[in-house]
Amino acid sequence: MPFHPRPRRLAQLALTVALVAFLAACGQDHPDTIFHHRTDVNRDVDYLFKILIYAGTAVFIFVEAILVWTLFKFRARPGQPEPEHVHGNTTLEIAWTVIPLLILIVIGIPTVKTIFKQQAAARSDALQVEVIGHQWWWEFRYPQFTMRSASGKLDTVVTANELYLPLGKTVNFTLKSRDVIHSFWVPALAGKRDLIANHTNYLWYTPDSTTSDAFNGACVEYCGTSHANMRFKAFTVSQADFDSWVAHQEAPAEGAVAVGTPISPDSAAKAAAPRSPLGSQIDPNKNLAAGSTQAGPTVPSSGKAGVGVPPSPGAVNTQVTQAGFVAFPREKMPAYTVPSTPLPAALKFDDNVLASGNAANGAKLVATGMCIACHTVRGVPTMQATVGPNLTHVGSRTTIAAGLYPNDPRHLARWVKNANEMKAGVGMNTFGIGEYDPITKSTVKIGFTDAQIADIVAYLSSLK
Amino acid sequence: MTAVASHAHPPTSTGLDHRKIAIWAFIGSECMLFASLISTYLIYKGRSVVGPFPHEACNPPVCATHLNPILNIPVTSFSTFVLLMSSLAMVLALAAVENKGKPGYEGLLGSSKFWLISTAVLGITFLGCQAYEFTSFVHEGLTIRTNLFGSSFFTLTGFHGAHVTAGVLWLITLLAIDIKRGLGPKDALLVDIAALYWHFVDVVWIAIFTLVYLIK
Amino acid sequence: MATAAVSPSYARTSSGSPSGIWSWLTTVDHKRIGTLYLYTALAWFAVGGTEAVIMRMQLQGPNGRVVSAEVFNQLFTMHGTTMIFLVVMPLSAAFFNFLIPLQIGARDVAFPRLNAFSYWVYLFGSLFMNASWLVGMAPNGGWFGYAPLTTLPYSPGLNIDFWMLGLQILGVSSLAAAFNFITTIINMRAPGMNLMRMPMFTWMAFVVQFLLVLAFPVITIALVFLQFDRFFGTNFYTITQGADPLLWQHLFWIFGHPEVYILILPAFGLVSEILPTFSRKPIFGYPVMVYSGILIAFLGFGVWAHHMFAVGMGPIADSVFSMTTMLIAIPTGVKIFNWIFTMWGGNLRFTVAMKFAISLVALFTIGGISGVMHASPPADLQQTDTYFIVAHFHYVLVAGSLMGLWGGIYYYFPKITGRLLSEKIGNWHFWLTFIGVNLTFMPMHWSGLYGMPRRVYTYDAGQGWEIFNLMSSTGAYLQALAGIIFAYNIFRSRTHGEIAGNDPWEAPSLEWSIPSPPPDYNFETIPTVTSRYPLWDIKHPELTASVPHSRHGDERNDVSLGGKHVGAFHDHMAAGTPEGGLNPNATQASSKVSLKTAEELGIPMPYPTIKPLWVALFMTLMFASLLLIHKDKLPLAMAGVVTFATLMTGFLYAWLTAPLEPHHH
Amino acid sequence: MADQFTHTHAETDVHAMGEVHEHPTWKQYKWVALILTLITVVEVWIYYTPFKESPLFVPVLLIMSAVKFAIVVLFYMHLKYDHKLFKALFTGPLIIAMSTLVALLFLFGKFSGR
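Protein chains in written order, with the numbering used here: chain D, 1 to 464; chain U, 1 to 216; chain F, 1 to 665; chain W, 1 to 114.
Just so you know, not all the hints are guaranteed correct.
As a list, the in silico BS3-like pairs of lysine-lysine whose alpha-carbon atoms are at most 25 Å apart [unchecked claim]:
no., chain 1, residue 1, chain 2, residue 2
1, W, Lys27, W, Lys80
2, U, Lys100, W, Lys80
3, D, Lys364, D, Lys153
4, W, Lys30, W, Lys80
5, U, Lys102, U, Lys186
6, W, Lys52, W, Lys110
7, D, Lys50, D, Lys113
8, D, Lys441, F, Lys633
9, D, Lys464, D, Lys332
10, D, Lys153, D, Lys176
11, D, Lys153, D, Lys464
12, U, Lys216, W, Lys52
13, U, Lys113, U, Lys180
14, U, Lys100, U, Lys216
15, W, Lys27, U, Lys102
16, D, Lys176, D, Lys117
17, U, Lys216, W, Lys110
18, U, Lys102, W, Lys80
19, D, Lys364, D, Lys464
20, U, Lys216, U, Lys113
21, W, Lys110, D, Lys176
22, D, Lys445, D, Lys348
23, W, Lys27, W, Lys110
24, U, Lys102, U, Lys113
25, U, Lys186, W, Lys80
26, U, Lys186, W, Lys27
27, W, Lys30, U, Lys100
28, W, Lys110, U, Lys186
29, U, Lys180, U, Lys102
30, D, Lys441, D, Lys348
31, D, Lys117, D, Lys50
32, F, Lys424, D, Lys73
33, W, Lys30, U, Lys113
34, F, Lys424, D, Lys441
35, U, Lys100, U, Lys180
36, W, Lys52, U, Lys186
37, W, Lys52, U, Lys113
38, U, Lys102, W, Lys30
39, U, Lys100, W, Lys27
These are calculated hints, taken from the structure and not from any lab test.
Just chain D, same shape as in the assembly:
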């Protein structure tokens, strides 16, 4: 070797360091790994992945071993004769055509089997969840759970950026997009599937571990400026907790009622009319009596809720109470599901005023202000718009801004004040007086003071 060995020594050092770093990394916790075994689908994928990775590793070791051996064995040495000119070897070449073919057949058969298994129609008693992608947030609708408002409008349980799934029950996602292409992914639960306008995609799996858990989900198809900020949380909870959660979601938030907004809550209306007269409309079988937390499936074949999960007696109440499960308890949220996004330094807010926020004032501001242009708060007649996330139970959610910030007054206040500063490209206007609004391209003159924002925050936080 006439060449200088120093770079090579560097290489050896670097490889050692890399190896150590890898080993250190592999010992860490990986909450979003695809290797979780908490759904049927992920176990199948894992089985397939193992075949792929074992076959791949074997091929890799085989190829690299021959290569390295060749490099050492046949390096030029002084005085060596000219090598013999070999032009090929038919046997060998057939061998390395046929053997890979066999390996591919070994991979191909389970691949095709798994494709057809996973893309078959979901079982008919599955929980139906409609996932609608927006730039840059998630709308989750539960069409099997509907209720009728005082005005007679049929509503569906709908939430934003937080997905509740009952353990042990197959969930069938119907995937749609309102704008550009998004992709729905909870790595710990299953593979991804795109949300495409003018297309409806489906994805099903069964979260079947025995403990409730929280997972991170994300959009994985580039969808514009805040693609990275389009995250969500998925909670797998017991059927009983899920039923309780559904019941709670069906009713308007207590906060909406407490501040005296002039509406009759849906729950009251439904208590009077336990059976919807709607017959064959969207969700004929649902329309539960208020409080009956039996998560009735739409599918006629199964009159009962869930896959062998009996209705939870503890949750049978005429009133949704705080005692029942209404949201994944924050104190049980694993650290990795609590966002750590730092607050934008440029955005100033006087946190001291938050303590004096008045929810009743906030309710008026929200119900008469610009919020009505985009948001719904079920139970508030002026709040019926569906451009932005449904805020009916926003106070019970654990995060805001599609999983970008924790849902607490500090973050919420800044969000209301200047959402664009908090999350690039977001469609929500700036409301803090004196702040710049990139949507109107002007400084906000008619908006809210910090104190008013504190009132709004108090109100929104009360929408449990």
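For this one, chain D is given, so just place chains U, F and W on it according to the hints.
Leaving out everything else, chains U, F and W in the frame of chain D:
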């Protein structure tokens, strides 16, 4: 001089002219271009949310008023025939150039100018039919912006029309050369590659006529 | 005609060949055009690399604040677009230009002026696309530009306009060059250079030209639809009109997958040149190497939808595309094994070029294996659009294409410039690249499988991704350092490198039989080729006696060493001994060797001309005028289009009517 | 100069120096034009007959246009008489183009009978 000549351009490996190989490669490439356009037209066929539609009438409430099927088969059949005849004129132009002065190629059959003009005029006639078709469509309420059918139809046939236009300009250039110095057997290749292009454009129309106009 | 002393003897370092800016602007010499491609592409590599480094700075830790979301999106879009269209393809084009005529024994390409035109279109197109940075509106839709994100309602700025017009311009360049090279390879091979004697690089180049010719029309149409949508209000991607967003995806990937082979096959070709030379053995299984290249290309048109398993095509389509994709692994695997067995039994000389070539073999294997993993749709649904796939295609395109191209540069730099690149500096370049590439991209497999999506400008802490991202960023910085060293090596070696001589590596193919750098006419006499390894035939006739595809009646039977007839080929090796490279004089100074000029030899050379440059410029300006539409200046835009189209046509007419070269006799 | 190169061209795929001038004749051109016209007339004619509703309508039309396509390519573009290289340069891309078209129609559900 022999020493010099020995360094001159060697004959080509295949004995063929570079330009002819290039034009065939180009035509191969054009196959993919038109395949993409035709695929898009067929994919979007029947997916328009508003009329007018190619083969079906459009009635309220889908359309504000009743709209007839928009494709005009008689006119297009005529223009298809015109384009086929232009191909005939083109091969005769090539034959006239190749055989200039040979027996049997006296008179009209040997007049490359006549056949080149005929080809160009037939091409222009085709373009005229297309212009008529496009304007009448616009009058009937179909523009490139109206619906998926409008977008894919105008783009596909427009691309074809643009190819015909380029072909006509090419023919006129050849005609200018013919008038200026006369095209003879030595120039056969010049005419040949133009002819290949012209026929290819014709062949594309054969496909378009069937797939767009005749098949529902 | 051939009067002596009309001009001084040929020598690049002296005043023999024309020099100065004007000679470069007007050149139609394939070697000079290749050189222009080379240095332009390397400059864009610096730009694309800088974009990557900024991204890695942003992602070095969670919640990075180096750039904004918007800038990051522009960076990854332009990084991809730059590396694919402005770096790897033009670097390949540099080698196509420089090598194809030399390897097949031709004096130039079939259409020298069209060749110049291709380069100028590439240059202006790349400048146009990057001009978007200057107005702060760099493309931000991803290199894949999925509709409807790229349509007007979701991307109202000029960003996407720059991108789609830029790609259209670059497409013209690639297509023009492809027609040119197809014709060149089919039609300009030296006597005896039948298809199965062509060097592997030329073979792979040949295959790539067909891929270009068939793939680019499809993206052209997809972009035309997008242009019409954005400029004229058509509905190809308009959701409210019932458009199908998958139309773009299918058209894009029908182009996009062959594009992958457009990027990798030239590097495969270069490696197939380097490995035999430094193993001192012919390529193992030449016909199989050729056929596998053709097969890869052909199958490449039948696998595109494996980029779209997540869009929900249904189980049948998923299965079909999964199977065709897996099939491609077979010819690719064959290539890997044939390369290894080319080295097997050889006398391996570990030059820098050889090291790069070997690392392609070693590392491309990783990309190939992860490729098969992606071919399985259920697994792919977990892997795609995460960092796992970022790792996969960077192992293919950086550890594959770029490693091969760097190897090619070390191997052919002496032929291009007459001087060797420094092996000492080159070793630093190689090892830093090797470590950097692996350190950058290997951890991405883990960050992907651990759930990190791609194309994110930020990520949350506590996801277990920090260490992998830190490693990737460190690796990227090492690669940047390697790039700087590489640049220094080129800069220094151009003037201070060792003099190369005709054949510094004792290589087998025709390009090494002529001086370095070659005279403008390449071959004084067009060689007559008698086998796949003409130079080795001369040096080691005893070893090549059994070369297949040397048919009966070939002149190679007459070849012998030392004074006797060794074919027309042997006679003209002006600067060398019959052996070609081991000329003791050559290592001193090639500039002292007196070469005859083309004029003295009576070889007609094409006139230099500026017209292709003007045509390219006006074509670019014609496309650029369309930008004005989105500034609500439709009449001005149309005026620009008409003006520049007229100018372009005028210059095109002048070009086509001007004679290519002097009419001798 | 010719003799210097001709012998070395023996093993390249050369058929002849220069063009292959076996073009079809005027008579053939006339027949081709006549056939093309006839097929076009039949195509348009069946469009106006009840045959239009037949399941065979589309296949018949496709076959007729394929025949037209083929004879223009073979005779007017004289591919039948020309160098085999040109056949390869045309049919290769044509096959890829048509397969792509068919695959796309399949992927967009055009054969699933809606």
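Here's how the hints hold up against the structure:
1. Between Lys27 (chain W) and Lys80 (chain W) the CA atoms are separated by roughly 16 Å; this keeps the pair inside 25 Å, and the hint holds.
2. At roughly 23 Å between alpha-carbon atoms, Lys100 (chain U) and Lys80 (chain W) fall within 25 Å of each other, so this suggested pair holds.
3. About 23 Å separates the Cα atoms of Lys364 (chain D) and Lys153 (chain D), which keeps this hinted pair within 25 Å; it holds.
4. At roughly 17 Å between alpha-carbon atoms, Lys30 (chain W) and Lys80 (chain W) fall within 25 Å of each other, so this suggested pair holds.
5. For the hint pairing Lys102 (chain U) with Lys186 (chain U), the CA-to-CA distance comes to about 14 Å; that is within 25 Å, so the pair holds.
6. Between Lys52 (chain W) and Lys110 (chain W) the CA atoms are separated by roughly 19 Å; this keeps the pair inside 25 Å, and the hint holds.
7. Proximity of Lys50 (chain D) to Lys113 (chain D) is assessed by CA-CA distance (about 15 Å); at most 25 Å being required, the pair is judged to hold.
8. Pair hint Lys441 (chain D) plus Lys633 (chain F) holds up; C-alpha atoms about 22 Å apart against a cutoff of 25 Å.
9. About 17 Å separates the Cα atoms of Lys464 (chain D) and Lys332 (chain D), which keeps this hinted pair within 25 Å; it holds.
10. For the suggested pair Lys153 (chain D) and Lys176 (chain D), the alpha carbons sit about 23 Å apart, so the restraint of at most 25 Å is met.
11. Taking the CA atoms of Lys153 (chain D) and Lys464 (chain D), the gap is near 22 Å; set against the 25 Å cutoff, the hint holds.
12. Using a Cα cut-off of 25 Å, the hinted pair Lys216 (chain U) and Lys52 (chain W) holds, with the two alpha carbons roughly 9 Å apart.
13. For the given pair, Lys113 (chain U) sits about 11 Å from Lys180 (chain U) by alpha-carbon distance, which is consistent with the 25 Å threshold.
14. For the proposed pair Lys100 (chain U) and Lys216 (chain U), the alpha carbon gap of about 47 Å is over 25 Å, so the pair is violated.
15. The suggested pairing of Lys27 (chain W) with Lys102 (chain U) holds, with an alpha-carbon distance near 16 Å, which does not exceed 25 Å.
16. With a C-alpha separation of about 22 Å, the suggested pairing of Lys176 (chain D) with Lys117 (chain D) holds against the 25 Å cut-off.
17. Distance check on the hinted pair: Lys216 (chain U) and Lys110 (chain W) sit about 13 Å apart at the alpha-carbon level, within 25 Å; holds.
18. Proximity of Lys102 (chain U) to Lys80 (chain W) is assessed by CA-CA distance (about 24 Å); at most 25 Å being required, the pair is judged to hold.
19. Between the alpha carbons of Lys364 (chain D) and Lys464 (chain D) the distance comes to roughly 17 Å, so the proposed pair stays at or under 25 Å and holds.
20. Only pairs whose Cα atoms come within 25 Å are accepted, and Lys216 (chain U) paired with Lys113 (chain U) is rejected, the gap being roughly 41 Å.
21. A hinted pair counts as satisfied when its Cα atoms are at most 25 Å apart, and Lys110 (chain W) with Lys176 (chain D) qualifies at roughly 22 Å.
22. Between Lys445 (chain D) and Lys348 (chain D) the alpha-carbon distance is near 17 Å, which keeps this suggested pair within the 25 Å criterion.
23. Of the pairs offered as hints, the one joining Lys27 (chain W) and Lys110 (chain W) is violated, with about 42 Å between alpha carbons and a cut-off of 25 Å exceeded.
24. Pair hint Lys102 (chain U) plus Lys113 (chain U) holds up; C-alpha atoms about 16 Å apart against a cutoff of 25 Å.
25. With a CA separation close to 22 Å, the supplied pair Lys186 (chain U) and Lys80 (chain W) stays within the 25 Å bound.
26. A distance of roughly 24 Å separates the Cα atoms of Lys186 (chain U) and Lys27 (chain W); the hinted pair therefore holds under the 25 Å criterion.
27. Pair hint Lys30 (chain W) plus Lys100 (chain U) holds up; C-alpha atoms about 19 Å apart against a cutoff of 25 Å.
28. Taking the CA atoms of Lys110 (chain W) and Lys186 (chain U), the gap is about 50 Å. The hint is violated against a cut of 25 Å.
29. Taking the CA atoms of Lys180 (chain U) and Lys102 (chain U), the gap is near 21 Å; set against the 25 Å cutoff, the hint holds.
30. Proposed proximity of Lys441 (chain D) and Lys348 (chain D) is supported: the alpha carbons are some 20 Å apart, at most 25 Å.
31. Taking the CA atoms of Lys117 (chain D) and Lys50 (chain D), the gap is about 18 Å. The hint holds against a cut of 25 Å.
32. For the given pair, Lys424 (chain F) sits about 24 Å from Lys73 (chain D) by alpha-carbon distance, which is consistent with the 25 Å threshold.
33. As the CA atoms of Lys30 (chain W) and Lys113 (chain U) are separated by approximately 19 Å, the hinted pair is consistent with the 25 Å bound.
34. This hinted pair does not check out: Lys424 (chain F) and Lys441 (chain D) have alpha carbons roughly 57 Å apart, beyond 25 Å.
35. Between Lys100 (chain U) and Lys180 (chain U), the direct Cα distance comes to roughly 16 Å. Compliance with the 25 Å bound is thereby established for this hinted pair.
36. The suggested pairing of Lys52 (chain W) with Lys186 (chain U) is violated, with an alpha-carbon distance near 50 Å, which exceeds 25 Å.
37. Straight-line distance between C-alpha atoms of Lys52 (chain W) and Lys113 (chain U) comes to about 43 Å, which puts the hinted pair past the 25 Å bound.
38. For the proposed pair Lys102 (chain U) and Lys30 (chain W), the alpha carbon gap of about 20 Å is at most 25 Å, so the pair holds.
39. Proposed proximity of Lys100 (chain U) and Lys27 (chain W) is supported: the alpha carbons are some 18 Å apart, at most 25 Å.
Comparing the model with each earlier hint shows violations of hints 14, 20, 23, 28, 34, 36 and 37; every other hint is respected.
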